[in-house]
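*Asks:* Note that the protein sequences, when read in sequence, are chains A and B. If you read the first sequence in this note's numbering, its first letter stands for residue 1, the second for the next number, and so on. If you read the second sequence in this note's numbering, its first letter stands for residue 1, the second for the next number, and so on.
Keep in mind that the hints were calculated from the coordinates and are not lab data. Don't take every hint at face value.
[What the hints assert, rightly or not] Pulled a few chain B residues facing chain A out of the computed Cβ check, cut under 8 angstroms:
1. V5
2. G6
3. I9
4. S11
5. G12
6. L29
7. G33
8. D35
9. R36
10. Y37
11. Y62
12. G77
13. R79
14. R80
[To be verified] Quick list of the computed label-pair ranges, beta carbon to beta carbon:
15. B:R56 to A:A34: 51 to 61 angstroms
16. B:T73 to A:P230: 43 to 53 angstroms
17. A:A44 to B:E60: 22 to 32 angstroms
18. A:M242 to B:G12: 22 to 32 angstroms
19. A:F51 to B:E13: 47 to 57 angstroms
20. A:C11 to B:Q53: 50 to 60 angstroms
21. B:V17 to A:M52: 52 to 62 angstroms
22. B:D84 to A:V66: 56 to 66 angstroms
23. A:V83 to B:A22: 55 to 65 angstroms
24. A:G55 to B:E13: 47 to 57 angstroms
25. B:D35 to A:C11: 45 to 55 angstroms
26. B:G12 to A:W170: 18 to 28 angstroms
Remember, it's a predicted structure, so these values are computed and weren't measured experimentally. We put the CB at the ideal spot given by N, CA and C, even for glycine.
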Amino acid sequence: MSRISQSLAWCTEHQGSTRAVGLLRIALASIILARYGREVGFFAAQSSGYFMLGGYLFALSGLMLVGYCSRAATALMAATLAVMYFIFGFSPDQFGWNSHHSYLLMISVFFLSCTPCDRSYSLDRYLAVRRAELAGVAPPAESGRLWATRLIGLQMSALYFWTAVDKSDWAFLSGERLEQIMVWHYSGRPLEEVALWPPFLVTASVTVVVIEYFLAFAIHVRNMQWLAIPVAIALHAIFYMMLPVDTYSITMIVLYLVVIRPEVVHDFMDRMQGNAPVTHRL
Amino acid sequence: MFAAVGVGILSGEFDAVGSDGAVTRLSPLQVYGSDRYPAMLSTQFPLRVEKEQDLRKFAEAYCAKHNVKLSFTGRVGTRRGWQDLRGEDICGHPAHVQN
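Given only the sequences and the hints, what does the whole structure look like? Please build it.
*Replies:* Below is the structure:
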């Protein structure tokens, strides 16, 4: 098999346990509610369009959360987020809906809708198991084709790589651009002196760029994930604590559910529930 | 969003010279009239400075309240890092223009 075929197969032939995508569906629905709930609540509707948008978003996120008609709900949610990003997001009074964290949420939900995210941790799963019991057959396997999770991983890599490229200049590595950001966020606040301390700014700038280049590749290398994933989670946690990155950090962290091998997530859940870790096998 | 948040932000000092010649040194936030910049996600910031002329807009509210000759010496944030920026007689009050 050629290298190109191998690379394509790495994506297209990927399959395994659906527990990770089931968990991701619940996590993304929760993040969507936390991010947009206040802004699309009926009390905040500026027009009938916003009212309808709120109705769609609450109904679809509810379906995603409980996992009923999960795949259709996730696909429709992706479409709703696309409308919010591309149409409402460019309205001058709708700040933040076309930001990078909104894009990340939208594209992640879109890729998730291409996975069998209904087969685990969902009402769909419960109903399928009950139907199997009534029919006297084995419950359906919690497994399926997961090529879309590879695309989520590649999206994360692209994000890390290009944000690092954007920072690979003297203006950033010297700490100047980070200082500007800190001046905005920390001026007049108790941590102003620490946040604007030159050695901190230079160290933080260089460290972030190095880590982002590292993560762009390491998250896909099985032997490096033991290091890459904790480093990534720490990086995003620090971003969240130090800067108003909104849902960017938590979205990136939960996306690691599908970067990890699906059988690892499956086994972990089995062990946590005291079950023998064998049910994910195809 | 984050790449641009520091663009147009001032770092430096304003000098306000009163009609009696007394000089008061002010930070950009003092001229802006707040203890801190607004939370980024709740509002946009229309007072970013790209060039010397933008200093007048930045200091508009301050100038409306104070009859002073205002100047700025410092830097402004750009995508290429900090750039030096100076502004003289930013308020342009007639009494001071004649001085």
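*Asks:* Is the shortest C-beta separation between G12 (chain B) and chain A less than 8 angstroms?
*Replies:* Constraint on G12 (chain B) not satisfied, violated at 11 angstroms.
*Asks:* Tell me if D35 (chain B) is really an interface residue toward chain A, meaning its C-beta lies closer than 8 angstroms to one of theirs.
*Replies:* Status holds, d = 4 angstroms.
*Asks:* So, as I understand it, the hint says L29 (chain B) touches chain A; can you test that by seeing if any CB pair is closer than 8 angstroms?
*Replies:* Cβ of L29 (chain B) sits 6 angstroms from chain A, so the hint holds.
*Asks:* How does the Cβ-Cβ distance of C11 (chain A) and Q53 (chain B) compare with 50 to 60 angstroms: does it lie in that range?
*Replies:* 52 angstroms, holds
*Asks:* Interface hint check: Y62 (chain B), Cβ to nearest Cβ on chain A, cutoff 8 angstroms. Holds or violated?
*Replies:* At 16 angstroms from the nearest chain A Cβ, Y62 (chain B) fails the 8 angstroms test, so the hint is violated.
*Asks:* For D35 (chain B) and C11 (chain A), compare the CB-CB distance with the range 45 to 55 angstroms and indicate the outcome.
*Replies:* 51 angstroms, holds
*Asks:* Against chain A, with CB atoms and a cut of 8 angstroms, does the hint on G6 (chain B) hold up?
*Replies:* 2 angstroms, holds
*Asks:* For the hint on Y37 (chain B), does the least C-beta distance to chain A fall short of 8 angstroms?
*Replies:* At 5 angstroms from the nearest chain A Cβ, Y37 (chain B) passes the 8 angstroms test, so the hint holds.
*Asks:* For R56 (chain B) and A34 (chain A), compare the CB-CB distance with the range 51 to 61 angstroms and indicate the outcome.
*Replies:* 41 angstroms, violated
*Asks:* When the nearest CB of chain A is found for I9 (chain B), is that gap smaller than 8 angstroms?
*Replies:* Result: holds, 5 angstroms to nearest chain A Cβ.
*Asks:* Go through the hint on R79 (chain B) and say holds or violated, using the shortest Cβ distance to chain A against 8 angstroms.
*Replies:* 7 angstroms, holds
*Asks:* Would the hint on R36 (chain B) be counted as holding, given a Cβ-Cβ threshold of 8 angstroms to chain A?
*Replies:* 4 angstroms, holds
Of the numbered hints stated above, those contradicted by the structure are hints 5, 7, 11, 15, listed in ascending order.
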